[in-house]
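Protein chains: 4
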Amino acid sequence: MPFPADLINGYRRYAGERLPEERGRLAQLAKLGQAPRAMVIGCCDSRAAPETVFSTRPGELFVVRNVANIVPPYAPDDAHHSTSAAIEFAVRELMVPDIVVLGHSLCGGIAAYLKGRQLEEIRGDFIGPWIDLLSGSQSEAEATDKDLADADMQRAVEEVVVRRSLKNLTTFPFVREKVEAGEVTLHGAHFGIATGELRILDPETGRFEAVAPAEDA
Amino acid sequence: MPFPADLINGYRRYAGERLPEERGRLAQLAKLGQAPRAMVIGCCDSRAAPETVFSTRPGELFVVRNVANIVPPYAPDDAHHSTSAAIEFAVRELMVPDIVVLGHSLCGGIAAYLKGRQLEEIRGDFIGPWIDLLSGSQSEAEATDKDLADADMQRAVEEVVVRRSLKNLTTFPFVREKVEAGEVTLHGAHFGIATGELRILDPETGRFEAVAPAEDA
Amino acid sequence: MPFPADLINGYRRYAGERLPEERGRLAQLAKLGQAPRAMVIGCCDSRAAPETVFSTRPGELFVVRNVANIVPPYAPDDAHHSTSAAIEFAVRELMVPDIVVLGHSLCGGIAAYLKGRQLEEIRGDFIGPWIDLLSGSQSEAEATDKDLADADMQRAVEEVVVRRSLKNLTTFPFVREKVEAGEVTLHGAHFGIATGELRILDPETGRFEAVAPAEDA
Amino acid sequence: MPFPADLINGYRRYAGERLPEERGRLAQLAKLGQAPRAMVIGCCDSRAAPETVFSTRPGELFVVRNVANIVPPYAPDDAHHSTSAAIEFAVRELMVPDIVVLGHSLCGGIAAYLKGRQLEEIRGDFIGPWIDLLSGSQSEAEATDKDLADADMQRAVEEVVVRRSLKNLTTFPFVREKVEAGEVTLHGAHFGIATGELRILDPETGRFEAVAPAEDA
Numbered sequence: 267m268p269f270p271a272d273l274i275n276g277y278r279r280y281a282g283e284r285l286p287e288e289r290g291r292l293a294q295l296a297k298l299g300q301a302p303r304a305m306v307i308g309c310c311d312s313r314a315a316p317e318t319v320f321s322t323r324p325g326e327l328f329v330v331r332n333v334a335n336i337v338p339p340y341a342p343d344d345a346h347h348s349t350s351a352a353i354e355f356a357v358r359e360l361m362v363p364d365i366v367v368l369g370h371s372l373c374g375g376i377a378a379y380l381k382g383r384q385l386e387e388i389r390g391d392f393i394g395p396w397i398d399l400l401s402g403s404q405s406e407a408e409a410t411d412k413d414l415a416d417a418d419m420q421r422a423v424e425e426v427v428v429r430r431s432l433k434n435l436t437t438f439p440f441v442r443e444k445v446e447a448g449e450v451t452l453h454g455a456h457f458g459i460a461t462g463e464l465r466i467l468d469p470e471t472g473r474f475e476a477v478a479p480a481e482d483a
Numbered sequence: 267m268p269f270p271a272d273l274i275n276g277y278r279r280y281a282g283e284r285l286p287e288e289r290g291r292l293a294q295l296a297k298l299g300q301a302p303r304a305m306v307i308g309c310c311d312s313r314a315a316p317e318t319v320f321s322t323r324p325g326e327l328f329v330v331r332n333v334a335n336i337v338p339p340y341a342p343d344d345a346h347h348s349t350s351a352a353i354e355f356a357v358r359e360l361m362v363p364d365i366v367v368l369g370h371s372l373c374g375g376i377a378a379y380l381k382g383r384q385l386e387e388i389r390g391d392f393i394g395p396w397i398d399l400l401s402g403s404q405s406e407a408e409a410t411d412k413d414l415a416d417a418d419m420q421r422a423v424e425e426v427v428v429r430r431s432l433k434n435l436t437t438f439p440f441v442r443e444k445v446e447a448g449e450v451t452l453h454g455a456h457f458g459i460a461t462g463e464l465r466i467l468d469p470e471t472g473r474f475e476a477v478a479p480a481e482d483a
Numbered sequence: 267m268p269f270p271a272d273l274i275n276g277y278r279r280y281a282g283e284r285l286p287e288e289r290g291r292l293a294q295l296a297k298l299g300q301a302p303r304a305m306v307i308g309c310c311d312s313r314a315a316p317e318t319v320f321s322t323r324p325g326e327l328f329v330v331r332n333v334a335n336i337v338p339p340y341a342p343d344d345a346h347h348s349t350s351a352a353i354e355f356a357v358r359e360l361m362v363p364d365i366v367v368l369g370h371s372l373c374g375g376i377a378a379y380l381k382g383r384q385l386e387e388i389r390g391d392f393i394g395p396w397i398d399l400l401s402g403s404q405s406e407a408e409a410t411d412k413d414l415a416d417a418d419m420q421r422a423v424e425e426v427v428v429r430r431s432l433k434n435l436t437t438f439p440f441v442r443e444k445v446e447a448g449e450v451t452l453h454g455a456h457f458g459i460a461t462g463e464l465r466i467l468d469p470e471t472g473r474f475e476a477v478a479p480a481e482d483a
Numbered sequence: 267m268p269f270p271a272d273l274i275n276g277y278r279r280y281a282g283e284r285l286p287e288e289r290g291r292l293a294q295l296a297k298l299g300q301a302p303r304a305m306v307i308g309c310c311d312s313r314a315a316p317e318t319v320f321s322t323r324p325g326e327l328f329v330v331r332n333v334a335n336i337v338p339p340y341a342p343d344d345a346h347h348s349t350s351a352a353i354e355f356a357v358r359e360l361m362v363p364d365i366v367v368l369g370h371s372l373c374g375g376i377a378a379y380l381k382g383r384q385l386e387e388i389r390g391d392f393i394g395p396w397i398d399l400l401s402g403s404q405s406e407a408e409a410t411d412k413d414l415a416d417a418d419m420q421r422a423v424e425e426v427v428v429r430r431s432l433k434n435l436t437t438f439p440f441v442r443e444k445v446e447a448g449e450v451t452l453h454g455a456h457f458g459i460a461t462g463e464l465r466i467l468d469p470e471t472g473r474f475e476a477v478a479p480a481e482d483a
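Residue numbers (my numbering), protein chains in the order written: chain A, 267 to 483; chain B, 267 to 483; chain C, 267 to 483; chain D, 267 to 483.
To spell it out: a stretch of chain D is covered by chain C in this simulated footprint if at least three of its residues, at any positions, have a beta carbon under 8 Å from a beta carbon of chain C; those stretches are:
no.: 1; segment: 276–287
no.: 2; segment: 344–357
no.: 3; segment: 393–405
I should point out that these hints are in silico values taken from the structure, not numbers from a laboratory.
For every residue, glycine included, the Cβ atom is placed at its ideal position computed from N, Cα and C.
Given these sequences and hints, build the entire structure.
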């Protein structure tokens, strides 16, 4: 089966339209190496690409993406930890000054968790164990608000998951040390797919606040 | 510490320039859900964002990114497998018809593997075990060409890793079944950061061939 | 004589207010090295600092500043060429993808040139020969507009000097090659001190146009 | 190729956030002209902007920047001396009372000199001759300390270069006269990129001492 024609055309469009503007920057980044200004831990969802939401250019964001933008708790062992390895690479090798956990609305992984899919054929081989990392986040959401409608619950859990991932990041010794030294800062955000609204986690209030339009800045 | 001002401004640029063009598409994707036309397994590298290379819009690519675009072999257990869970979600829940493993030049993870970083302090807690998934890829590269210069070796191993990830994908029963049923097709590609060149793995020859420019490109 | 107290206090303000936010980025840039996204050739004038005008952070702009933001013509010899060496370092060593010549209003060097200071004691040992690089720019300005008032003449020559510096940049073989290869792009801009207005040289029209406010973008 | 979007947005940030606070000061400086309280001779390095390190506002610092913050010896001739012209302009025209030579860590120009880049293709057309101004500074550093590790040597030479630039300043008659008349004071400083530490040259001891934090800092 040949390579998808639409992707080839998409590359040609990139090569014809965007690459000319970035040829020099890419050559520079190839010679000098990357020094990304931030790491983003996002979801695989096709509607929430970090580079799109933040209008970034090559070299700016080191991005790990998994189902439901989850950061597992620190658990070093012989297993192959994809997300934890990426975090360690970003913090120790690339010394990123900022880490952003980017959640988003309508997250399929979180929806699956909320639907409590316990049937083996649905949990599958890996989705179930992965989603188990979300255990308890529903009650965490209910703790703050008892009477949540379904849509509100989904949104509330999405926010809980961002807070949890940030909390789990601090369980990594090499992250915590740099956070305490002021060399790494942790941030949370939530992207609303239906409207394109970005809301940022306010460390003071612990709430997600919409980004004010430029003129209000 | 406040949310990075440059990322906020990047979002404002997105909201002012690109969002207006995609508002309708996003609203549609929010209501009907995503049905990505392909899954891309790429690297976290800040210089190789799949959405950029393929000029895709929201809803098109379901993207998992880890260090060195690795697909581990099928190994179901109680552990939390980030990449495997994403693959299962893409294939079983989203039924993507195509899966693209996108490698790239100057991969830091592969460079670390080639430098044979065995010292604990460099292997860290997670980078070492993760990179162990690359074990043997150097000799695999040498098998096809004995006299590789360093730069060539890096490139050769990058190609081996793409082939390996594709091979490992077929160790997942739910992937193999659909591949055999013609419902899923696997593809390999390699992005050259210095030049922006995309090379596609030819299943016939097993070699990576540069994408021919469009007639009018 | 002790170090100026106001500068020490300024540093303490930096150390107390801005450094905390930049600590991580600086540590990263120290380990990975700089890869500035642009070179700016500006004037020494105390009222036209490039980092201020473009709100840039550490690592973004490689800046050479001399009297009247002049780029001399390519003239390799045994002499010590400060500006030419900086340009070569930026283009060959740091591979900056963009070079911006930033002129500004009320330029003292250009005013000196226009006042035709021929008396030795005013030309001094170095100002005179340096300003001689501006020779002919007045008639160049008059060529496009015969009846310029003094203020207009100053402004017109400031613009001519930016155009000239851009033209001289292309006399450097290592710049011209990269410009032709699309790896380096040259840009001109003019900062108005009295109003803080930035005007950008439009390569099409050859005229300087004010930057439109965000909402018009 | 259009003007870089990120720089345009950076200017808009300046225009929206900082300009309003400085509009009055800029209008004043435009009418009355600049009277900078000091000249800074710094490096082009993107990580060591004088205005940032000293938290200065428009009108305060007259800044010349070249590779490795070098002041060449006084050598009046017909050549175009960028740095010397800036010094003469600052001292004779603007009568700055203080001149600060600001060195910094990890200086690429000094690293190039220490690597003894003699090959023509690396010396290039201008970098080599410019760096030749550093000749002998390594042995000068070794004279004070025989057993310097590489990192220490880089730091030691950076300090030697600051002392040399200060010494060369006194070879300019118009500088020496004013220094002797107590109308101009020369100062040396060194900025540490990794930590943001500023160290000031103590004229008594000839050593660089860290700036003590403000009591309340």
